[in-house]
Each structure stands twice: as structure tokens, then as C-alpha cells.
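Listed below, chain by chain, are the residues.
Protein chains: 4
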Amino acid sequence: MSTSDDLYAVADFCLIPMGTGEPSVAGYIAECQRILEKSGLKYKVCGYGTNLEGPWSEVSKAIHDCHLAVHAQGAPRIATDIRIGTRTDREIAPGTGNEAKVKRVEEILSK
Amino acid sequence: MSTSDDLYAVADFCLIPMGTGEPSVAGYIAECQRILEKSGLKYKVCGYGTNLEGPWSEVSKAIHDCHLAVHAQGAPRIATDIRIGTRTDREIAPGTGNEAKVKRVEEILSK
Amino acid sequence: MSTSDDLYAVADFCLIPMGTGEPSVAGYIAECQRILEKSGLKYKVCGYGTNLEGPWSEVSKAIHDCHLAVHAQGAPRIATDIRIGTRTDREIAPGTGNEAKVKRVEEILSK
Amino acid sequence: MSTSDDLYAVADFCLIPMGTGEPSVAGYIAECQRILEKSGLKYKVCGYGTNLEGPWSEVSKAIHDCHLAVHAQGAPRIATDIRIGTRTDREIAPGTGNEAKVKRVEEILSK
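Protein chains in written order, with the UniProt record's numbering: chain A, 1 to 111; chain B, 1 to 111; chain C, 1 to 111; chain D, 1 to 111.
There are no misleading hints in this set.
Each pair may be met inside one copy or between any two copies, as identical chains are not told apart.
Calculated pairs, BS3-like style, for lysine-lysine (alpha carbon to alpha carbon, straight line, at most 25 angstroms): (1) K42 - K111; (2) K61 - K42; (3) K42 - K103; (4) K38 - K61; (5) K44 - K103; (6) K44 - K111.
Hints listed in this document are in silico derivations from the structure and should not be mistaken for laboratory results.
Construct all of the structure, not just a fragment, from the sequences and the given hints.
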């Protein structure tokens, strides 16, 4: 799923439409979910961002396409914060990176 | 819950211990959850960060205290990314800010 | 300058006014510089954020006060991304944290 | 420089090597500058991140290649925070996006 030319990326992004004249952004974020659904990548909406993971280039393209879609909806400017991580110490089974991190923390706390 | 002197903050933070000699961070993040539990603030662990909300000064202090705890566990350096939002167009019932954002997106998508 | 109760923080923040009806944000960011100037903390405007450092509680309060000022200018909602770091392996002379990081990289590259 | 298929991106990223056993990261960041130099994109090292801009796909690839290089230097895990913005309300002359933002703020403050 990842070669040395395309690292497997575990990410989260928070997209903010600017200059829209209204403080609500839920309509734009919903549109992003439709884009992510089409991307085929594993994603999950959280309170302050959306978890997303896959080969780096595909994760990047999916976020880019969210920008395209939100611009098409009328937002003249967009600022996005992306957190993105890669590791070479072990293999991540595709689609399991973000979930596994939560599980490891829960296991430690349950002891 | 928030006065003009202390805005209500809906936030998410991702704390990264540095110089620890091991790539795993789950033990440090678990320790942060114990600190957050004591803070009395509403929080939720997500795949690439932890949702946290409350009066700005308390949210900031809770994250600061996570740094103190992770330093105490042996991490000589810490880098944290915080996303933090405030709004004055409407009241946020304490503890509902992050959840409400997810719900609004889900409502739009279910139509 | 920092005690165990208030870690010295080297930070950078990017404040984004939302729902303003205009894509430009320079006026809001200029107002933030006036707030930071009053804070007495060391700061520097960069292309995609503002470097800021000092005791954690003061850094946090300065960013909070930028939110207050930007709300007062008419922005109903604000989303800010903060990168904040602390370290216990060595002392940081007040106001030198961000500059020193750039210098060390430049020294290595000039070799 | 940017088509609807590849938005022009004004960005900043902060790369953090994890599990390295030493709190200092300057050597890794210097290596990233060498990668960015080769990319041909406009970049500038700041205190808490590196400004970078160009077509979205090239900006993304440059940051990906920094991850590859830092892994090659021995870091088993990397976490990066990327701030990335696009706009459709006006054209950005290639390489001027981040600088222009600082200038506009300075112009307002000098009045």
C-alpha cells in the first residue's frame, strides 16, 4: 500500500472556508465528506477535523479535491490545517492507523 | 461559562513527545487523559488529537499540565499542535461544542 | 521566566476570522499585532503565522486577547491553529527561542 | 502555474522527528532545506515552521520527500503539521503569496 516513493500517511485535516459571510461551515464540511467518500480512502469526521489515511499522494489529492469542491460552493478562500504522520518502524495495515492509536491508549488506561 | 474575559473555547490538541528514543507515544497520551480527567473539562480522544472544550484559560491550563506530566515521564521536549475556536454569534452549551459540529454535518448528509 | 507552574513556551499561531464576508484578513491580523505589542512578549509576523514566546500562561492570554479584539472588529467566529513547544533539557533565554532555532539550522547549512 | 486541477497553494509546515533519542532537531530540518532547495519551490525557514508555496501537488511532494529524507537519516516516525491555503478571488504571482501577506499587514500598521 506504500512504497518508498509514496509513504503511507495517517492524517487529520481541518478545512476552514473564509470570506463566506456566514459563520456556519457544516454545509461545506458535508460536501467534503462526499468527496472523501468518492476517494475510497478511510476517513472519519471528528469534532475538530477529519481523520484520513492512505498513500500520501492520495491523501493529499483528496484534501486538494475538498478545496476544489468548497471553492465551487462559493468560498473564495480556504485555510486548512493538516496533521500528517509517517513511520518506518512498522507496517500499518491499510485503514487501521488512526483507530489503532486510540485503541492503544484505551488499553493502557484500562489496566 | 464564558465571560468577555474568558471566551468559551472549542479545541483539539495533538501532543508529541520528542527525544524519547522510542517511536511509540501511547503511554504519554494515556497520561494526558488522566490529567484531562482531573481537569473536569469535556474531552474525547480521537485518532490524531484529543477534543477538549471549556473556558479558554482552563483549556490552556489543562494542555499545559499535560506538558508538565509528559516532561515528568521523561520527555525532554514536547511539541503540541492546538486548534482552538471561539464564536460570539451564539451561545455554546458547556461541553457540547465539538459534538454539535459532528451532528450538524451528519444531519446534512442524511438528507 | 518560567517555573514548573508555568513552562516557558515557544509558539506560533495562525488566527483565521470566519464569517466575515471578505476573503482578506490583513486588517484583523494587524489588530492582533497591536495586541501582541501591548503584551510585552517577543513576537514576529511570518508568512503563515506569528511567532510568539514567553511563559505559557502569558502566551495563551495574548492569543485569547487577539480573539477578543478580532471578535470586537466584527468577526463572529474565529479558528486558530497554535503550535507550542516546551523543553526541560535546557534553559531558553527569554525571547530567544524561535530565533535560535532558525540560527542552528543556518549554521548547519553553512558548513 | 496553477490550473483548476492543481490549485496554487500557499503553505507552511512544521516537521517533527519522533523516537530519535535526542531533543535537537536542527540536523533534520537542515536536511529538509536541502530537499526544498532541490524542489525549485519558494521556501523560507521561520522560527516554528517553513513557508513553502507552489502548485498543490508539488508542495505536497516536497513535504513528502522531506519525510523520506528524515526517515533515511534514522527517524523511525515523523509527525508534521501543515497549514495550507488556496484562493480563487485573485491570482497569486508564483512565489509571492507568503511575502505579500506579511507586507499587507505591515502597510496597515505603518499608517
